[in-house]
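Heads up: the protein sequence lines correspond to chains Z and R, in order. Going by this note's numbering, the first sequence opens with residue 1, and the numbers climb by one from there. Going by this note's numbering, the second sequence opens with residue 1, and the numbers climb by one from there.
Simulated from the structure, these hints should not be mistaken for laboratory data. Every residue gets a Cβ at the ideal spot worked out from N, C-alpha and C, and that includes glycine. Mixed in with the good hints, there may be bad ones.
[Unchecked claim] Think about it this way: if two alpha-carbon atoms lie no more than 20 Å apart in a straight line, the pair counts; the simulated EDC-like pairs of lysine to aspartate or glutamate are:
#, chain 1, residue 1, chain 2, residue 2
1, R, Lys156, Z, Asp211
2, R, Lys88, Z, Asp145
3, R, Lys71, Z, Glu208
4, R, Lys45, Z, Asp211
5, Z, Lys14, R, Glu92
6, R, Lys79, Z, Glu208
7, R, Lys79, Z, Asp211
8, R, Lys96, Z, Asp11
9, Z, Lys7, R, Glu114
10, Z, Lys7, R, Glu112
11, Z, Lys204, R, Glu112
12, R, Lys88, Z, Asp211
13, R, Lys131, Z, Asp11
14, R, Lys71, Z, Asp211
15, Z, Lys14, R, Glu97
16, Z, Lys76, Z, Asp11
17, Z, Lys204, R, Asp86
18, Z, Lys7, R, Asp111
19, Z, Lys7, R, Asp86
20, Z, Lys204, R, Glu92
21, Z, Lys204, R, Glu97
22, R, Lys45, Z, Glu208
23, Z, Lys7, R, Glu97
[Unchecked claim] Derived CB-CB ranges, DEER-like:
#, chain 1, residue 1, chain 2, residue 2, range
24, R, Asn67, Z, Leu291, 52 to 60 Å
25, Z, Glu208, R, Gly125, 25 to 33 Å
26, R, Lys203, Z, Ala22, 54 to 62 Å
27, Z, Val194, R, Glu114, 32 to 40 Å
28, Z, Ala22, R, Asn154, 38 to 46 Å
29, Z, Glu208, R, Ala5, 24 to 32 Å
30, Z, Leu283, R, Glu70, 30 to 38 Å
31, R, Glu70, Z, Phe287, 26 to 34 Å
32, Z, Val41, R, Asn154, 55 to 63 Å
33, Z, Leu190, R, His197, 34 to 42 Å
34, Z, Val41, R, Glu70, 23 to 31 Å
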Amino acid sequence: MPNIHLKTALDYIKRSPFQALAALFVLTLTFFVGTMMAVLVYSSGNLLKYFETRPQIIAFLKDEITPEQVSALQNKLTNDTRVKEVRYVSKEEALEIYKQATSDNPLLSELVSPTIFPASLEFSVSSLAFAQEVINEVKKEGIVDSVGFTANLGGEKTLQDVVGRLRTITRYLRVGGGILVGILAGISLLIILVITGMRITTRKGEIEILDLIGATPGFIRSPIIIEALIYSSVGAFAGWLLAFLLWLYATPSIVSYFGEIPVLPKVPLSFFAIFATILGGELLVGFGLALAGSFLAVSRARRNR
Amino acid sequence: MVKFAHVSKNFGDIKALQDISFTVEKGEFVFITGPSGAGKTTLLKLILREILPNSGQIIFDGRDIVNLPEKSIPYLRQKIGVVFQDYKVINERTVKENVEVPLAVAGINQDEWEARVNQVLKLIGLDKRSKLFPLQLSGGELQRVSLARALVINPKLILADEPTGNLDWETADAIMDLFEKINKEGKTVIMATHNKHVVEKLKKRVIHINEGKLVGHGEKRKLKVKVEEV
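If we strip away everything but chain Z, and leave its shape as in the complex, we get (with noise of 0.2 Å):
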């Protein structure tokens, strides 16, 4: 036998079967633009750590340098801490890279021959504060010919551009993302409320007579506060379950145009810890918007009796 109140409940619901379909609808398209957000936050927030702390540097050296010159430099380097993975790439290795870079159009590997490639250093900083500074400094060494970054996005000349521009990009989503979520969250709040008042009105007749046979408060209060906890947690998980989906279906593409960029967990089992763990809080929002919109609702009808 079905507890009472949650009996109540779902009598009410099927009793006004419009009612919850709005709720439903608010609440799921809350937390299906909710989880598609985190998600973005979530792989804008990597893409962003991935910049900021792999930064690849390249110090392209002069042609007429030695190999002491370049071990020289190249443990100065390693032993600097601000330094990380410090590799040199001969000009050989650098005509591989053009040619790998090239395969689409052979053509433009047969006309080049290792000679035109400078041999070069390529290594990442610990911290992107640092790069500029190190940059500097290893410009000033007399076998650098120039520095240069692999990132680069929108034709930006520098690496603060590239990552200052990701970071405009992050704050963007992390804000409007935010922005758009409250606004559908308080529409959410507002469809509890307003449902959840007209309840109290319809069960009036009821909740009188309740109170006359010795009903407390909690009593009277909880078919309400569970027919509220029935639309947010159905909405959340129908929304995050949308959302889901549609992740799960696009992610294989994401993942291969990033490449070794990580906006996505590679290992399924991470994956779907990200789902589980936005679920989760999503349950627990759902859970916050239902018990503050019936609890206000049943408050002010109280006030009004």
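Knowing the structure of chain Z, use the given hints to seat chain R on it.
Here is chain R on its own, set in the frame of chain Z:
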């Protein structure tokens, strides 16, 4: 069981009850009579702690209910079965579900519901109507549902506010027989009515009030004051 000591209640300038004192013993059946507006319903509302008196003391089951904390009111009401003139049944629930509600309110274990509901429905003769909704029942049957709901929690006291007010005399007679039966089983009953025939039939103690004042009490046959007719 119930004691009123110098109880007065005003609604603005209107003196609904003035210096009312009486006692109802355990197991007694008492009629509260008087014309419309005499203060009968006010008196019942005071026992149910729907309203508070302006002065005086009301004792129920050895406890002063005037000074009862707000949070204890539901538990006071759970000891009292109430039957209303307008039945006050929940239209969206079946007869059986209506009778189950007080059990849920009182936190009675669900395993016990079936037996208790069946017993009380049989007592009031509604066992064959248990699956019907209130809109499918007659006035007399609705009043029986109201009575069944009052009885199912085995209350110490039954308050009835004009229980026959909306019924024809034959149905009213049947309902009164049920009240008498319940009283004989040991329940205390306080019934507000202005139905002379009902009062005369049962020959129980009568507390007569008029314009908020107690104008007499005693057995109907000995009472000198005039009991208003419907």
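Verification of the hints:
1. Of the supplied pair hints, the one linking Lys156 (chain R) and Asp211 (chain Z) holds, its CA atoms being roughly 18 Å apart against a limit of 20 Å.
2. Under the criterion of a C-alpha separation no larger than 20 Å, the hint pairing Lys88 (chain R) with Asp145 (chain Z) is inconsistent with the structure, at around 94 Å.
3. For the suggested pair Lys71 (chain R) and Glu208 (chain Z), the alpha carbons sit about 16 Å apart, so the restraint of at most 20 Å is met.
4. With a C-alpha separation of about 13 Å, the suggested pairing of Lys45 (chain R) with Asp211 (chain Z) holds against the 20 Å cut-off.
5. Distance check on the hinted pair: Lys14 (chain Z) and Glu92 (chain R) sit about 12 Å apart at the alpha-carbon level, within 20 Å; holds.
6. Proximity of Lys79 (chain R) to Glu208 (chain Z) is assessed by CA-CA distance (about 17 Å); at most 20 Å being required, the pair is judged to hold.
7. Taken as a hint, the Lys79 (chain R) and Asp211 (chain Z) pair is honoured in the structure, with Cα atoms around 13 Å apart against an allowance of 20 Å.
8. Under the criterion of a C-alpha separation no larger than 20 Å, the hint pairing Lys96 (chain R) with Asp11 (chain Z) is consistent with the structure, at around 16 Å.
9. With a C-alpha separation of about 17 Å, the suggested pairing of Lys7 (chain Z) with Glu114 (chain R) holds against the 20 Å cut-off.
10. Between Lys7 (chain Z) and Glu112 (chain R), the direct Cα distance comes to roughly 18 Å. Compliance with the 20 Å bound is thereby established for this hinted pair.
11. Proposed proximity of Lys204 (chain Z) and Glu112 (chain R) is contradicted: the alpha carbons are some 29 Å apart, above 20 Å.
12. Taking the CA atoms of Lys88 (chain R) and Asp211 (chain Z), the gap is about 12 Å. The hint holds against a cut of 20 Å.
13. With a C-alpha separation of about 16 Å, the suggested pair Lys131 (chain R) and Asp11 (chain Z) falls inside the 20 Å cut-off, and the hint holds.
14. The straight-line distance between the Cα atoms of Lys71 (chain R) and Asp211 (chain Z) is roughly 12 Å, inside the 20 Å bound, and the hint therefore holds.
15. Among the hinted pairs, Lys14 (chain Z) with Glu97 (chain R) is consistent with the structure: their alpha-carbon atoms are about 17 Å apart, no more than 20 Å.
16. With a C-alpha separation of about 76 Å, the suggested pairing of Lys76 (chain Z) with Asp11 (chain Z) is violated against the 20 Å cut-off.
17. Taking the CA atoms of Lys204 (chain Z) and Asp86 (chain R), the gap is about 15 Å. The hint holds against a cut of 20 Å.
18. A hinted pair counts as satisfied when its Cα atoms are at most 20 Å apart, and Lys7 (chain Z) with Asp111 (chain R) qualifies at roughly 17 Å.
19. Only pairs whose Cα atoms come within 20 Å are accepted, and Lys7 (chain Z) paired with Asp86 (chain R) is rejected, the gap being roughly 26 Å.
20. About 13 Å separates the Cα atoms of Lys204 (chain Z) and Glu92 (chain R), which keeps this hinted pair within 20 Å; it holds.
21. For a cut-off of 20 Å, the pair hint linking Lys204 (chain Z) to Glu97 (chain R) stands: about 18 Å separates their Cα positions.
22. Distance hint between Lys45 (chain R) and Glu208 (chain Z) is fulfilled; the C-alpha atoms sit about 13 Å from each other, no more than 20 Å.
23. Only pairs whose Cα atoms come within 20 Å are accepted, and Lys7 (chain Z) paired with Glu97 (chain R) is accepted, the gap being roughly 11 Å.
24. For the pair Asn67 (chain R) and Leu291 (chain Z), the supplied restraint of 52 to 60 Å is violated, since their beta-carbon distance comes to about 34 Å.
25. The hint said 25 to 33 Å for the Cβ distance between Glu208 (chain Z) and Gly125 (chain R), and at roughly 27 Å that hint holds.
26. Roughly 60 Å separates the CB atoms of Lys203 (chain R) and Ala22 (chain Z), a value that falls within the hinted 54 to 62 Å.
27. Remark: the range hint 32 to 40 Å for Val194 (chain Z) to Glu114 (chain R) is upheld by a beta-carbon distance near 38 Å.
28. A hinted range of 38 to 46 Å for the beta carbons of Ala22 (chain Z) and Asn154 (chain R) is consistent with their spacing of about 44 Å.
29. At about 29 Å, the CB distance of Glu208 (chain Z) to Ala5 (chain R) agrees with the hint of 24 to 32 Å.
30. Look at Leu283 (chain Z) against Glu70 (chain R): about 34 Å separates their beta carbons, and that is inside 30 to 38 Å.
31. Range check, Glu70 (chain R) to Phe287 (chain Z): about 28 Å between beta-carbon atoms, so the 26 to 34 Å window is met.
32. One distance hint, 55 to 63 Å for the beta-carbon pair Val41 (chain Z) and Asn154 (chain R), holds here, with the actual separation near 60 Å.
33. One distance hint, 34 to 42 Å for the beta-carbon pair Leu190 (chain Z) and His197 (chain R), is violated here, with the actual separation near 56 Å.
34. Checking the proposed 23 to 31 Å range against Val41 (chain Z) and Glu70 (chain R) shows it is violated: the Cβ atoms sit about 47 Å from each other.
The structure shown violates the earlier hints numbered 2, 11, 16, 19, 24, 33 and 34.
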